[in-house]
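Student: Numbering follows our numbering, in which position 232 of the sequence shown is assigned residue number 259; successive positions increment by one, without gaps.
Bear in mind the hints are in silico, worked out from the structure with no lab data behind them. None of these values were measured; they are calculated from a predicted model. Be aware that a few hints might be false.
Said to hold, decoys possible - SDA-like cross-link-like pairs, simulated, lysine to any residue; straight-line CA separation at most 20 Å:
1) 456 to 522
2) 58 to 68
3) 456 to 133
4) 132 to 516
5) 511 to 149
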Amino acid sequence: MSDSFWLVLAIVLYFGLMVAIGFYSWRKTEKYDDYVLGDRGLGPLVAGISAGASDMSGWLLMGLPGALFVAGMSELWIVIGLFIGTWANWKWIAPRLRAYTEVAKNSITLPSFFENRTHDTSRVLRFTSAVIIIFFFTFYVSSGMVSGGRYYESTFGGEYIHGVLIVGSITVLYTFIGGFLAVSYTDVVQGGLMFLALITVPIMALMSLDNPSDIFSWATSNPYGPWEHGNPDYFNMVAGVSAATIIGNIAWGLGYFGQPHIITRFMALRSPSEAKAARRTGTIWVAICYLGGIFTALVATVYFGQKSASVTDQSGYETVFLDLARIMFHPLIAGIVLTAVLAAIMSTMSSQLLVTSSALIEDIYRIFKKNPNNTTLLVLSRAMVIGIALIGMLLALNPSDTILGLVGFAWAGFGAAFGPVVVASLYWKRLTSQGAIAGMIVGAVTSFVWGSVDALSGMIYEIVPGVILATLAMVVVSLATRPKEGVEEEFDTAAAATDYALAHPDEDFAAALRNRGGSTAV
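When you get a sec, could you build the whole thing from the sequences and use the hints?
Tutor: Written out as structure tokens, the structure is:
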């Protein structure tokens, strides 16, 4: 049998499993709240891996190894920033956001939380949040489609557009059917595949080298990839890199506080107390995956420099992981390993589609349509999943940037627009709706303009000026206005609820709130 048969068999089995999980989740999705947030029933293991898998899109197995392969260890500053951001997000945002979203009228989306947190009755804050989500997630979804197309090119030698259509369609199918639970459960399977693949591929490639220790020296003085005579600064994390670049790369970690597709996992936890176990699972998973990506790039510099093999992507070199997997294993095993890339792509894309659909229905449609029935909300949410996917596919037909570039643009947009507001919502009782709106708009606009102007984006990553200016705008406007009546009291209730839940991990959180009339203060 041909290699293509085994590869196709592995991919078909994977697709079948994803769709089966979608149908399983569909049977558990009876209400609109189930479709959007899984009725707050996520355990720490699922939440920890799901948050990581929805975060680590195709860039982990394609964009990151490609960047390290070309530029060297100077790209590690991004990894350092992201790892710190992952830990900090679970430590300081997850438990309090989980408690506060339930205290604040059981908010099930980030825009609805902002509105309920500030008692905004104008609907401007909620609408603004939703528009920002829809805008930036359109680019984020497009990056997943681009990854799918390049995956198909490298794995099957097929047409880029066919990959976009196939990967996009399967992702839409199980998200459409099963909603949040399908996305979360498939994330666990996909996260496991990514984890195993990022361990197995670099180890097998390393064992095939004549001298494995070459990975720590080869790239500096030998030809590989785009370097005819090697890159003498490959292992130097600061050579040729400005302080602004290092700060900008570390600042990727700031983006975590504002990523809706990640922090919805915090909102879906069964209890704030389970954030600790989820943090442990999530950070260990992320750390090992990062190490796998780093060693994939290191081994690839030697392998493609010594062996009679070449990287499929000769511009961004974002297919080094795919090419190594295809060369190292029997086609069936290679197909299974290569599904890890699909897992990374699809896990992130499905989360983004669901959050964008929720923003359209929960945070825009429901502003204009009062008290729609449960069936209408479910139908419209599923329809929006298809609509956003189609737009992402259209944008992906003619990609004008690398995967990492597309992800970076959207990541900065969310980090600047939502990050300061999320932190202030949870830790500053003086925040007002006007301040939140000002911070969001300034953050989003700054990030977009800065990232679109070459002269500015070349100075420093747009998330840095975006977060700084957004924070200033949010603080100044909040101090110039007054919180609505009851906001500060509710803030104290949410803080007490978090502390109580962490001190009583065995008590049901919702029951504790009900028994105390909405407060856990004792």
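Student: Between the alpha carbons of residue 456 and residue 522, is the straight-line distance 20 Å or under?
Tutor: holds, 10 Å
Student: Next pair to validate is residue 456 with residue 133; report whether the Cα-Cα distance is within 20 Å.
Tutor: holds, 19 Å
Student: Does residue 68 sit within 20 Å of residue 58, going by the straight-line distance between their CA atoms?
Tutor: Distance ~13 Å between residue 58 and residue 68 Cα, so the pair holds.
Student: For a C-alpha distance cap of 20 Å, please report whether residue 511 and residue 149 respect it.
Tutor: Holds - the C-alpha atoms of residue 149 and residue 511 are around 12 Å apart, at most 20 Å.
Student: Would you check the hint for residue 132 and residue 516, treating anything up to 20 Å between C-alpha atoms as holding?
Tutor: This hinted pair holds, its Cα atoms lying about 14 Å apart.
Checked against the numbered hints given earlier, the structure satisfies every one of them.
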